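Trainee: Residue strings, one per chain:
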Amino acid sequence: MSIPPDVLLGEPLAADPTPDPPSGASGGASRAGALWFYARKLLAAVVSFFITLVIGFVLFQLMPADPVRALTQGRPTSAAQMQALRDSLGLDKPLWQRFASFVGDTLHGRLGFSWQFQEPVASLVGSHLWPTVLLMGVSTVISVSLGLWLGIRSGWRQGSVFDRISSGVSLTLWSVPTFWLGLLLLVAFSVGFGPIPSLFPADGMSDPSIAAAGWPHVVDVARHLVLPVATLVLGDYALYVSIMRSSLIDEMDSPYLLTARAKGLFDSDVRRKHAVPNALLPAVTVIFLQIGGIIGGAVTVETVYSWPGLGYLTYQALKVPDLPLLQGTFIIFSASVIIMNLAADVLYRFLDPRVRAQ
Amino acid sequence: MRVGTVRHDPRGPGRVRRLVAVALGGALLVAAAVGLGTGPASAAASDTNLTVTMDGSGIDTLNPFLSFYNGALNTFGLIYPSLNSLGKDGVPGPYLAKSWTTSDDKLTWTFTVQDGLKWSDGQPITAEDAAWTFNLIMTNLTAATANGSLVANFASVTAPDATTLVVKTKQPQANMLYVSIPVSGIPIVPKHVWSAHVADLKSYKNETYPVVGYGPWLLQTYQTDQFERFTANKAFRLGSSGAPKFDTLVVQLLKNSDASVAALKNGQVADTSVNAKQFDVLKADTKMTAVQEVGNGWTGLEINGGARTKSGKAIGTGNPLLGDPQVRSAIHWAIDKNKLLTNVLGGKGVVGNGYLPPAYPQWSWKPAAADAVTYDPAKANSILDAAGYTKGADGIRVDPRTGKKLDFRLGIHSDSASDAQISQFLKGWLTDIGISIRIDSLSFAQLNSNLSRADWDMLMDAWTTGPDPTYLLSIQTCGTLPDDTGANGNTDAFYCTPEYDKLFAQQVVTLDATERVKIVAQMQDILYQANYDIILFYGDGLEVYRNDHVSNLLFGPPSSTGLHPAQSVFWNYLDATPPGAASAAPAASSSKTGLVVGGVAVLVVLLAGAFVLRRRSTSDLRG
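Chains as they are written, first to last, in our numbering: chain B, 1 to 358; chain Z, 1001 to 1623.
Misleading hints may appear alongside valid ones.
Unchecked claim - In silico contact screen, one side only, chain B against chain Z (beta carbon under 8 Å); selected entries:
no.: 1; residue: A70
no.: 2; residue: Q73
no.: 3; residue: R75
no.: 4; residue: P76
no.: 5; residue: A79
no.: 6; residue: Q83
no.: 7; residue: A84
no.: 8; residue: E119
no.: 9; residue: V191
no.: 10; residue: P201
no.: 11; residue: M205
no.: 12; residue: S206
no.: 13; residue: P208
no.: 14; residue: S209
no.: 15; residue: V320
As the list claims (entries may be wrong) - With a straight-line cut-off of 27 Å between C-alpha atoms, the simulated BS3-like cross-links for lysine-lysine are:
no.: 16; chain 1: B; residue 1: K93; chain 2: Z; residue 2: K1202
no.: 17; chain 1: B; residue 1: K93; chain 2: Z; residue 2: K1313
no.: 18; chain 1: Z; residue 1: K1277; chain 2: B; residue 2: K319
no.: 19; chain 1: B; residue 1: K319; chain 2: Z; residue 2: K1202
What the hints assert, rightly or not - With beta-carbon atoms standing in for the labels, derived distance ranges:
no.: 20; chain 1: Z; residue 1: K1518; chain 2: B; residue 2: V58; range: 47 to 57 Å
no.: 21; chain 1: Z; residue 1: T1208; chain 2: B; residue 2: S30; range: 52 to 62 Å
no.: 22; chain 1: B; residue 1: A80; chain 2: Z; residue 2: K1106; range: 21 to 31 Å
no.: 23; chain 1: Z; residue 1: N1547; chain 2: B; residue 2: L171; range: 38 to 48 Å
Don't read these hints as lab results, they were simulated from the structure.
In this text the structure is predicted, and so the values were computed from the model without any measurement.
Using N, Cα and C, we set each Cβ at its ideal position, and we do this for glycine too.
All chains should be built: construct the whole structure from the sequences, respecting the hints.
Mentor: Shown next, in the form of structure tokens:
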């Protein structure tokens, strides 16, 4: 999931406006305040999840949903067979009944049965989860590290040649459509051009000729990861550069930095120990939102590089449309984002004393 | 604005060195990954391997009773036997059945099954396996999911002994020899394996490897959404064909055509299907062979000439003006199919006429010269003039009876570039004859939904067919119209005439091949005149393979126009042979790759060293 930088620039996760119960000097009152804070956040997350479930269900019901023609792929199928298929998919049941079974199944941890793959959605999600987490996890770690590092350097030396080049390059790459960038990298480094031969594979996650175990398999998967990860990193790291840079620039005029310098600290220590921790807060929000979106995968990159992940699975579900699979993946994606938002809220309490003081 | 006096940390270069070391380590790891991974397939073993791309639809399930997707159907064709084969000429031949006879009343078919064949686990293959497979589909609703309609006319199937299979039908069945053929027919499964899974047939995934079967190939593994790996069945025999010539076969799922071409160019796959632009580029590559195959499908314009239910009740929101045969005829005369073929397919196809594509020549039909509709806007205009449709001030014709304009919706597939191109041409041509078009770009699901409810005027449509045209012909019959609730329909364009239905019923029971072809030709003539489906073109199949990876992949010979016959993965992978002495190319590529990787690594080391030295030399100035 990508978030436009201008949406998030310099805006730390808003503290809940509802005032906490008055905190006394005693440790007990403080603990009660903390518990109240966590309980409210948890409740809000649960409510968000249920609202998301309802919205998701309604949205999917609005889609044209006679998937039988798409499912049968033009194979010889009589009208009676098609009707039997519709009956078996539960398409003729009233809407309220479908909603009740959807909510009931979700509460019991069942995600339904995919129409096209004729397999439980949970099992499909399970088999596609690991590739997506690997791809998105690696790319997010690199994007965050690279973006924050460049953002700190650029912000600290605002207007320098380094800043101008770093910001220009990152924003240019941010503006490039991911699909197109992926195809360019594919052509350049998989097919090869000029004197550069084919360096990386064009597709998939592993080579069929290499056993799926041991060091050779790790190296093989790493080779297949390089191009999709590079595409995602080049497309996404600008987000962190922008946030970190602008956040650090906001801190530059702060009196506490003057104090730090007056104490005789090295410039790098002023930056590392004083400016960056304060400037990091908005970035934390974005990082956690990104981690929440990791599960959702990257449809375009997974499609360009034939990566067998959840993003492509969702695309396949949309084409039919395979409603149980769509709803199942929607639940997983929503839960993931909500949980990570909750984690960001909780972490903020540790990172920012102002939140604790509220 | 910077405040305070700035002091620089003299430890800085140390951290820089650490960073440089990390970066260097990363670069070398990547270089190692590239280097270690270079050419694994070529270095793997002495076994010969053929790697090809999977059909784009992929695999829905490996359970042959439930599967509809082409990737899976191709797999079943490779690993399970069928009663008949389909020859390279498109005509059914022997496979499990070595011969067959029909009774005088044409209701009983007796097949003699080959003796001595064995499943991959050593169990004998008998007629009972075939009888059990057919009976399961006939009696079990779940087992009938994918192939139920193919046995709908079967009365009984028995195996009186190990080599005799008797099929009794309710009425004569002309397409009996197409019911169980590789890929498009029913695969025969081993009873001793599948009888244990009848109870859980709906959830059985058939992923116990190696899958027990009998075909040219044995499925050793399927990595979901990635690849299948097969080994050759060395015991396979079919007529003069022996076992596959390659030791292993890998079928890879590539999710877009650019990735397929990239994989072909870098030698990851030996063969792939391509689009017209890719075909033209790859054709010039001397390492490749680019082949055009006669098309097994058509692209057409579907016209709603007055949607009705089975009882004759009007349904949907189709514009009634399209119910006038003159309007539909004028639309046909206004379309320049040659121009579409040139501009949309780059000329790689054949202008459309008959309802059945040219891949199976026995069914191919063309109108008589006097009946042929060609591009003639003047004639189209004169037809509409004669029918009384007069042009208004805006150039759009008006129906004098209702006062309504000839203004129609055209639904196109939003994910189809060719639909988008065609629709723009149609809009221009139809405007020239006073018909306005509103183009609705719709998802596949929405288009199908509109089609079922008859909420459309014109749609872009496309069909492919196997060697037996029964199903494609059936979706133009009255029996496929929906009932009054709008449900239970399976019609293509809401076409329905008693004359066509009569011929359809007749060809189903006509076992004489020549006679059946004549009837099917009459049916195509009726459809051509009706203009419910205007066939625009039949696109060629475009295939490119690497000469240094495979020979004898595609069968031929090409026709006088350079088109190869319609291909079948069954024969393609069975006949394919490893190239003689052409395996030096990948090694050369590997050494070149190694040189470049080594060069990049050395360059990274030199740059990093220079950077550290520079930092050291200027550290005093900086801090």
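Trainee: Output the numbers, in ascending order, of every earlier hint that fails for this structure.
Mentor: none
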